[in-house]
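With the hints as constraints, model all of the structure from the sequences given.
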Amino acid sequence: MNWEKLRQKVLDRFYPSRQELEELETLYSDISTFIQSEYGLETFFAGSAGRETCVAGDKDIDIFVLFPEDTERSKLEDLGLEIGENVFESFDGDFEVEYAEHPYTKGEIQGHEVEVVPCVDTSPQDIRSAVDRSPHHAKWVDENLSERQKKDVVVLKSFLKSQGLYGSSLKNRGYSGYLCEVLIAYAGSFEDLVHEASRWRKDKLIDIEDHHNHLPQYLEEKFSDSSLKVVDPVDGERNVASVLTSENYAKFVYSCWRFSQNPGMNFFTEKDLDLDKFRLKQEMDDRGDFTVIELDKIDEPDDIVYPQMRKAIGRLQDILEQKDFRLYSKGFHVSSKIRIFFETSSSERNIKIKQGPKPFHDQGHVSEFTSKYDNTFIEDERICAKIEREYTHPKDLLHDFIDQNESGLKEDGIPGNVAEKLVDASFVKPMNGKDEWLKFLYKRLRLEQ
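For the sequence shown, our numbering assigns the number 170 to the initial residue and increments by one for each residue that follows.
Calculated directly from the structure, the hints in this document are not laboratory data. Wrong hints could be hidden among the right ones.
Said to hold, decoys possible - Simulated pairs of lysine-lysine, DSS-like, Cα-Cα distance not exceeding 30 Å:
| no. | residue 1 | residue 2 |
| --- | --- | --- |
| 1 | Lys523 | Lys466 |
| 2 | Lys330 | Lys440 |
| 3 | Lys174 | Lys440 |
| 4 | Lys480 | Lys492 |
| 5 | Lys275 | Lys244 |
| 6 | Lys499 | Lys523 |
| 7 | Lys466 | Lys603 |
| 8 | Lys371 | Lys612 |
| 9 | Lys440 | Lys450 |
| 10 | Lys480 | Lys499 |
| 11 | Lys330 | Lys340 |
| 12 | Lys612 | Lys590 |
| 13 | Lys330 | Lys446 |
| 14 | Lys603 | Lys446 |
| 15 | Lys420 | Lys228 |
| 16 | Lys466 | Lys371 |
| 17 | Lys598 | Lys450 |
| 18 | Lys612 | Lys330 |
| 19 | Lys499 | Lys446 |
| 20 | Lys579 | Lys506 |
| 21 | Lys480 | Lys319 |
| 22 | Lys308 | Lys319 |
| 23 | Lys420 | Lys319 |
| 24 | Lys523 | Lys506 |
Spelled out as structure tokens, the structure:
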């Protein structure tokens, strides 16, 4: 399909209508006027809706209340919450208090998700918190992206959403809306970005405002864990892509390559998964052992739950590997319950061969090994011993590990919120569960390909 026709087809489907944009602008204007009249404070229409880079149906309105630079933090927090509460009450909305670097109000007004966030009206060089930076991001986008490029941002977001790569929460760890805007400004268009990104290598550096001729050593160290390094146009010491995982970066590069080979609308639409339970069971029967642990859901925000779950799984993986279980895949699924799964080699033999030093080497090492193990012998020039495995099935090992109290699990490296739930966890059969769990496994085993 001709690229321009494909682009227009994507925009027809995903770019918000003029009526939708006007509804967002009108509600923002009404709330802004209320805040100005009641408190004498200016506001800023932040977020993708404020700069017309939102996808159709994303009815989020981010309102930043600009406090004078000399405002004390305690006053900013207290008055910021008061303003937010009064906004929702005056516009008949429901809200709750959320917490980032400081508290803010979030809720629904007239069918729109609204956030009222206090921040300091200051220069980019003097920001106190991440929220102080957001208005500067919006201004940079308005000054550096044309109307066509803003629409290309929507095309990029739609592309990323269909690949499961959009969103910078600690749950998704993908591409933020602001990162999408910077990438389009850098490449010039979605088409140019895709063609260039299909050839990107690891440790790609983008510095669109030329803050640095090359990254200084301290920034090399600060950005060292990131496969994609995008220097923030308004803050030369910040990586806009810091949350992005190396796996999601690789998926993006690969998706761009596939798209450049054969562009089509299928790259912008999420496929409905056709769950084949018989195929799933057959696949699991043909593979290794699946161990599934079920625990109660943790009543905390995703940005707390998901990092703690990843850390807990990493610790459980260490336990399995220390006992010589070969791990093929792992993961977790959060719904009304949390489920953790490990795919390991089939149940191991009761006897394993332990390799020791070569007899030609240090006699102390030889003596230490032979005094520790009986029935030693030579194999492939090494002193070896037959030893009995302590565990032959991963379920038994994991059961014994989690069969301790909460403080013991914490001392053993399990994060607090997970440890609290893990003490009452149970083992379940992999095929027992709701369709959303089975679909999760279906995807993890790559059966939808």
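Checked against the structure, which of the hints given earlier come out wrong? Of the numbered hints given earlier, those the structure breaks are 1, 16, 21 and 24, listed in rising order.
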